[in-house]
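Sequence lines, in order, name chains A and B.
Residue numbers are given in full-length UniProt numbering: position 556 of the first sequence equals residue 556, and the series is strictly consecutive.
Residue numbers are given in full-length UniProt numbering: position 249 of the second sequence equals residue 249, and the series is strictly consecutive.
Keep in mind that a hint or two might mislead.
Calculated cross-link-like contacts (lysine-lysine; reagent style DSSO-like; alpha-carbon spacing at most 27 Å) [stated by the list, open to error]:
#1 B/K86 to A/K154
#2 B/K565 to A/K103
#3 A/K124 to B/K547
#4 A/K182 to B/K551
#5 A/K103 to B/K275
If you want a taste of the chain A side facing chain B, the calculated C-beta under 7 Å gives, among others [stated by the list, open to error]:
#6 C145
#7 L425
#8 L428
#9 Y429
If we take Cβ atoms under 10 Å as the criterion, some of the chain B residues that face chain A in the derived model are [claimed, not checked]:
#10 A421
#11 E543
#12 I548
#13 K551
#14 N554
#15 M566
#16 K568
#17 D570
#18 I573
#19 H577
#20 I578
#21 S581
#22 N594
#23 S598
#24 N600
#25 M601
Derived by calculation from the structure, the hints in this document are not laboratory data.
If you're wondering where the values come from, they're calculated on a predicted model, not measured in any experiment.
All residues carry an ideal CB built from backbone N, CA and C; glycine is no exception.
Residue strings, one per chain:
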Amino acid sequence: MNVEQYFHLSSILRQNAILLEELSFYQGSKWLLEAVNSMQQPSTEDQLMVVREAPHLLKLGKESSSPSNEEEMLLAYHETNKIKLAKTYFDCKEYDRAAHVLKDCHSWKATFIKLYSMYISGDKRKEEESDGILGQNNSNNNFYCNKNIPVIVKELETLEHPNLNSNSHLLCLYGIVLLENKNSTKGQEVLFKSLVLNPFNWSCWLELLSSFTSFSEATVYLSKFHKALQNAFEYKIMLLFFRLTVNQVFFQSSEEINSDLATLSAIFPCFSYLNAQKALIAYNMLDYNNAEILFDQILLSDPLRLDDLDTYSNILYVMEKDSKLSFLAQFASKIDKFRPETCCIVANYYSLKFEHEKAIMYYKRALTLNKNCLSAWTLMGHEFVELKNSHAAIESYRRAVDTNNKDFRAWYGLGQAYEVLDMHLYSLYYYQRACSLKPLDKRMWQAIGNCYEKLGETKESVKCYQKALKISTVVDTQLLYKIGTLYEVLNDIKTTYNYMKLCFEEEYNQEVTEDTSKAKLWLARYESQQGNWSFTYKLASDISYGNSNIIEEARALAREARLKLDR
Amino acid sequence: MMTISPSMSHKRAVLTPNNSSKVTGRPMGNNGGSVSNKAFSTPKFDPNNGFNPEIDEGVSFLGTSGGVAGAPGVSTTKKPLSLADKLRLWRHDALMQHHYNTAQYIGDKVLSITNDPNDAFWLAQVHYQQGSFLTARNLLRGDQFEDSLSCKYLCGLCLIALEEWDEALDVVGEFNPYKMDEDVTDAVDFEDVDIDNYTDGGIKLEASMCYLRGKIYMNMNNFDRAKDCFREAVLADFKCYEAFDELITNNYLSPQDEWELLEQINFDQADELVKLLYSTRLNKLAHSSKFLENEQKLQDEYNLKGNNDLNLAKAELLFLQCKFDTCLTVCETILKDNQFSFNTLPLYLSCLYELDAKNKLFLVSHQLAEYHPNHYITWLSIGIYYISIKKINESRIFFSKSTMLAPNFAPAWIGFAHTFAIEGEHEQAISAYSTAVRLFPGSYLPYLFLGMQYLQMNNLTLAYEYLSNSMLICDRDPLLLNELGIIYYHRGELSKAEHMFNRSLEQAHNLKIDSKLYYSIYSNLAHVNRKLGNFQTALEYFENVRKIDSKDSNIYASMGLIYLKMNKIDQAIQTLHIALSISPNDTISSELLNKALSLNMTIGYENLLNQDVDALVRRLHEGSDEEDEGFADD
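Let the sequences and hints guide you as you build the complete structure.
What follows is the structure, encoded as structure tokens:
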């Protein structure tokens, strides 16, 4: 990246940040400005040299939209006052008033702020009407929805001037509304159009990302973007950010992700967002140690940033680092007690201390602060499971899945909860969903196999267990034994024998486990049936690990074999 | 004769308070000439013969009548007034200034002096205006004034006010004596004579008499005759707006007939304005484009933009188009000028109900109750308020009160019937709707509602019959077409049903309707297509439905069913989940979900998943595959 590129990129990002701020997309604006401020600056001499030659580079780009005639200019002039007023109302959280002020305005910005205010107002009202987190009404017939949406959709669809299709921001709003209306195909297309026009709207990328249900869906759009986006440097940067985030969210780990990270880090070396992505990728790879180190670094470089720290607390929870988690909880509380992230951290801490009620209380608080808090729903579900409250757990997981259907833990949790309730058809489906999100996790396949087994579909079950076996890095004796017994159910004694033998042989590769003992016992029994008493004796007498039943039976078998041999 | 309306002529002085001490407001242009009957055409009875001479040239209000009177020389030459004429003038001024006692006293004296039927008429007029209907009737009754049509007319009016229907009919006569009698009108030579200098002839008394007859029949519950009489009245003289208004507000005519009537009415060439105005009163459903055209003309050429009656007509159209928001704003502009515009209120109240504006309904009802405690619209308003807060019993009481005050008031009857329909008491609802059918033969709505009731009772035959009746009156209402489609659907005539729904959709588009109606049309279309096996089309329609309202679990359940049939198990499961998240106790959805899940177990998307994973696994364990393969071979 040379100096011109630096100035070019940073001014484009800044201009878009300012525009997004005017449109009240605060998060997107914040993200862009953080990016600008974390860019790798060329050396001062270089900068000075370039600036002397081309001082216009330093100028804040003026908005290029110039109305074609005086009439429009006049109109725009008067509308600007109203737009500013509406924006202030919006910032003061008087959403309806903001929409009302702009009732008769026609410029795209006015339309945008008006409709966005209506959207936020409807959302707020929806929240007020609902009965709190997991309240009485949520599970009953009431299904709250944003009542302003039909009006917004209609206004956007009947927009008179040709603005809709050429205005990325209006398109973005349209897409958001469509997604809220559960019309995801159309919504994605609209967001795609918006982003092709203007890829600097980070909020829009995030909305698109949230609508994907599977990685394959995301890849389709990624390739579409590759074709459609302009080839300019700054456009590619945005696409890189998106690709990186997509890969992270869908637990992908490939060369691509690492090279993307490297490219971006070179341009934005101290961008906390990138560092957090790095940490999250490590966490997704179950590389907790690395993730911990990365998070520690973020805490040092950007100490007051609370985003993603709830994930950090998850890591500490899994690693059972009580004291560090406790420190993190105190630290976060000091920064801002009433951030959903803080509440999740504190809840994690209580959960580690087995104070599940308190943990639930904090999760509820997190959700009150932000209903769409991704992890809180799932984690709360786990807490309810601990408290053996399956129905509440199911409800929590369901909400988790509703807000973010990419969370495999929630799907898995749903499966588990339904398994407890003996509704295996349901849990099968949920495990499948979890599995489609994390196909390389053997626990998923095991769970599915288990479900099939319970449902009496032994063949399917075997397939699943075999799949699980395939993807496990270390040969899992438990799986081997399981498959063996299933083949026995299928009356395929030969295959059973093979699996049992494989399982038993792992004793030499790894260590002796209950499963190897069981396999050995089975083999002993098999040999006894075949009359190979010496083998029987050898196997049975060797069993010294496992519960008392196994050992009892092994002893009996050994005794019998001994007798036979003696005879 | 009595053209009591001040608007009658721009030439006439109008009674305004600051109009000089010499109140000249005798608006009663009494130009007997307008009268097409013998009684008035004879100079002897001319009411103005008395006082026109006195008028100075400037005040021309009698000018009009001057010609009429035909009274030779009366207005042109200055002849000393006779005693009777002086008294007549006195009587008139007194009446105009509402000095009823004076008018009564002097009128009595004039009558005694002249014993002229005309003077009797004017004395009775005084009584009538005072509200002494009985006295007026007693004065006019009897043989002596029998010949005077105007006396008869006033007598009839008094009897109507006294609610003596039989006697009134006796006086007015059962039939129009001038009907078919071409001579009558021709006999009055005034048209021939004065046509040039006399263009405004007031309202023909013949028409007024017909109107009275209609009014009487209406109150005797003989609606057919009433309708005929009103028609006769309008046809006799288009200026008899009173009769026209009755025909329209009471829905005596079907929309088609209304337009035919408008064509039949004999408007003078110069009266395009009136024709246009009348056309705005007609049912908008049948000729909405024509209506818009006329409205535009009225605004542009006649400078009537913003006139409240035009606004009301516009609001009516908007209401038909279900654009309740806009309709409400129009109604509110009207009500800003006239807070209790009783023409507008029923529409306004319906709008408020449609928009679920309970709070405003509450306020309006209270205001009405404060200022017009005995008006039927007040009770209608209260009834609507109660129905909007779902207190059905209370609302029924108030609707029935309203119908008692105004037995011919359609909205109250319909509301009354609705209260039964809401509670599912079909029998009672049906009997109430039937009353409405009887009262408003030209309206298709009661038939439609009846059809809907029978449909709910699963009586397809009767429902079909009533809806067809409704269709005969008006075949353009999308709601009606939609209901008919439903009947076909239930009968299993799917293609017919689809045709109906499509027609309904088309009409809705034509009317630019904007409402939940689309919701039901689209979902019906979707269901039909589902049954016809056009799953993809059905799904598209359901998408349309979802755009309008996304929180109906039935839609999702149906979509789930379709996905199941299309063997898209995964989508079926997802959709059914949404259905169940909206209404968790929906048995159909949960059964479907169970089915989908068990299908998922056998076929599911496991195949697809397997391929996916195989690819991934290969990528992950590039080297270590061999040993894994070994297992599989076992």
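Hint-by-hint comparison with the structure:
| no. | hint | result |
| --- | --- | --- |
| 1 | B/K86 to A/K154 | 72 Å, violated |
| 2 | B/K565 to A/K103 | 47 Å, violated |
| 3 | A/K124 to B/K547 | 21 Å, holds |
| 4 | A/K182 to B/K551 | 10 Å, holds |
| 5 | A/K103 to B/K275 | 38 Å, violated |
| 6 | C145 | 5 Å, holds |
| 7 | L425 | 4 Å, holds |
| 8 | L428 | 6 Å, holds |
| 9 | Y429 | 5 Å, holds |
| 10 | A421 | 23 Å, violated |
| 11 | E543 | 7 Å, holds |
| 12 | I548 | 6 Å, holds |
| 13 | K551 | 5 Å, holds |
| 14 | N554 | 13 Å, violated |
| 15 | M566 | 16 Å, violated |
| 16 | K568 | 14 Å, violated |
| 17 | D570 | 9 Å, holds |
| 18 | I573 | 6 Å, holds |
| 19 | H577 | 8 Å, holds |
| 20 | I578 | 7 Å, holds |
| 21 | S581 | 7 Å, holds |
| 22 | N594 | 7 Å, holds |
| 23 | S598 | 6 Å, holds |
| 24 | N600 | 6 Å, holds |
| 25 | M601 | 6 Å, holds |
Of the numbered hints listed earlier, those contradicted by the structure are 1, 2, 5, 10, 14, 15 and 16.
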